[in-house]
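Visitor: Here's the letter readout for the chains.
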Amino acid sequence: MTVKKSAAASGGVADLFRKQIFIPIAALLLLGLFNLAVDPSFFKISLGNNSDGFPVLTGYLITILDYGSEVAILAIGMTLVTAASGGQDISVGATVAIAGSVILRILVGTGGDGTLQAPIIVAFLAACVVSMLFGAFNGVLVAIFKIQPMVATLILYTAGRSIAAWINNNELPIVTDKVFTYFGGFIPGIPVPTPFFLAVICVIITLLALKFTNLGLYTQAVGINASSSRLNGLNPVFIKWLSFVILGLCVAVVGLIKTSRLSTINYSVIAKDIEMDAILAVALGGNALSGGKFNIMASILGAYVIQFLTTTLYKFNVSSDALPAYKAAVVILLVVISAPAVKEKLSAMGKKLKKQREVA
Amino acid sequence: MVKLKSAGAAVPLNRSKKMTDSNLLLIITVVIFVVMYAGAMIFLKKGFLKPQTFFNIMNANAALIITSCGMSLVMITGGIDISVGGVVALVSMCCAVYLDYQGGNVFVSLLIAVGIGLAFGAVQGYLVAYLDIQPFIVSLAGMFFARGMTTIVHTAPFNVENEAFVALKGTRINVPGMGTVNKLGKYVNAYVEIGVIVAILVVIILFCVLKWTKAGRNFYAVGGNRQSALMLGINVKQTRFLAHLLCGLLAGIGGYVYFLHVGSGSASHASGMEMNAIASSIIGGTLLTGGVGNIFGTFVGVLSLSTIQNIVSSIGLDQAWWTGITVAAMLCVFLIIQSVILSRKH
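Sequences listed follow chains G and E, in order.
Using the working numbering, the first residue of the first sequence is number 1, and each one after it goes up by one.
Using the working numbering, the first residue of the second sequence is number 1001, and each one after it goes up by one.
Next up, chain G with everything else stripped away, as it sits in the complex (with noise of 0.2 Å):
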């Protein structure tokens, strides 16, 4: 009788364990725990006035909800190509420089004295559309051709930041408008940080499509297995392709984040390494990097988790060209304890102990 009770107990733990969701949330509270312990003032916020009089929060926290959306952002697109294509997409801080270097060349112009020559609007939708053409020219590569995602996306990771200045023709354009930083920073009389605001509608938009389409599930089944999805009626052509082109609208949005903090571009620097960052957020929010099964609000606290670790990083002055070999070491750790083989490990270890135990 006992026996029964301790392994329904145990039951409901590895239940918990098995949770997706438990993997970026074990690692916030240890994050968390980590900072609370070595210097509590990292949980800090303060409601100050910045340079133009508006009330703003500031604080690591708020930092991280800030610089943290734009990986979010990121990771939904990248959630949907993981589970779709089975691969990631490594050319997305390339193609949010092409994005940016298009909003900038629409509303400055070439050797504009950084007035705006066009409404934002119209700039970001003309974003949107070319990085949903490269997304779209990716997703071709992979879903016709049936190229390895990671080197089919290979191709724009190299070229991308190349073709995002020769938009410009190498020029930096600044803009000079106002209204252009508030996507980057605060609009006034908000004292929360835009991109927060941006990261929160395109889950809405995102969660919605799912709920109201089959857009989860079809992904879901092409990424388990393509030949039987295709069997059964769905084109995983246009599946995989269709989740390269979300990517792309996702980009754009960063895109615009991005060029407005700066009010300017550089083209070398722009979001250099966020595919790193959103990579690891999809694996951090446990979705198989092979493929399938998905959860998008995982991958989402997944972005926000990463950005926790940076900021710790930089608080402890690591320097910025840095920083990718600490996250490398999280990666590892992150694929090896996920490994199957190392599962299958753990689990006998498991199993040994509660035999050990009950001898006892």
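Keep in mind that a hint or two might mislead.
Simulated crosslink set (DSS-like; lysine-lysine; CA at most 27 Å straight-line) [as the list claims (entries may be wrong)]: (1) K343/G <-> K355/G; (2) K345/G <-> K355/G; (3) K178/G <-> K272/G; (4) K44/G <-> K315/G; (5) K345/G <-> K1237/E; (6) K1237/E <-> K146/G; (7) K211/G <-> K293/G; (8) K1237/E <-> K343/G; (9) K1214/E <-> K1237/E.
Just so you know, the hints here were simulated from the structure itself, not pulled from any lab data.
Once you have looked at the hints, place chain E on chain G.
Guide: Just chain E, lined up with the frame of chain G:
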């Protein structure tokens, strides 16, 4: 008699069937390279008529040839390694720091290079082969780790002034009969650097190993079909591990050759080299899906890639972005050719 004849007819048939994959891709590459270089000689003249231009391409790309060979090896077994560029940067930075700050000798720096390469190869090989993690994820992490470590070792770029090293770096090997007469009427010898000799040795050794040894054939078997390779009694895990280990070793050696060519350490060294290595392998006829590939093709692939870059810069499109765009475009075309060939086969 009749029987003999039919047997004789069957042999060439088999041969022509063999032509399809690797050899067809290789022939396309060689033809494209020859046509490109001949075209450049005829239309651009300038430097392309001088043999030294060709040797300069070799000098500048010796490191790429070596790393591409390692990449081909991994790709033949069905994997991929995008950490090579990062490893090259890390190797040159570590060697530079060692030579300049510790006043160390050149031989030890070579050991450091080989050690770093082997370490990366061993860790990545273990994760890929024994824990069965996707090679791309592993080497992506490897790439970021190597790049990050490079800046941790030393941030600012600097030149190495170690005497023994500078002497080694300046060593030039004259190529007889290829020199030209310069404007002053003096005969200038054509030369190659030490790195080129190393690169050619690597190509020859690997070519022989892949073609005529059991271990070499195992790479193809594992890449072609892992399941049947396992059934044939080939140690699949060990073979994949070995491929990654060799790739890491070659990245280490390539890193040292690169370091010998540029003579400095910098975090931005060899940026995009992994891309060039993958592109060279693919252009040279190595299939991404594994099982098909040729080291000689990879060698020609590097030459084609660098010739096209030279042509692009000599027609005046020397803004930095054109190189990236042309390489990507070329890779794209070859990937699509591969994909079409593969889909025709099935």
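Visitor: If a hint holds in the structure, say so; if it does not, say that too.
Guide: Hint check:
no.	hint	verdict
1	K343/G <-> K355/G	holds (18 Å)
2	K345/G <-> K355/G	holds (15 Å)
3	K178/G <-> K272/G	holds (26 Å)
4	K44/G <-> K315/G	holds (14 Å)
5	K345/G <-> K1237/E	holds (18 Å)
6	K1237/E <-> K146/G	holds (26 Å)
7	K211/G <-> K293/G	holds (16 Å)
8	K1237/E <-> K343/G	holds (18 Å)
9	K1214/E <-> K1237/E	holds (16 Å)
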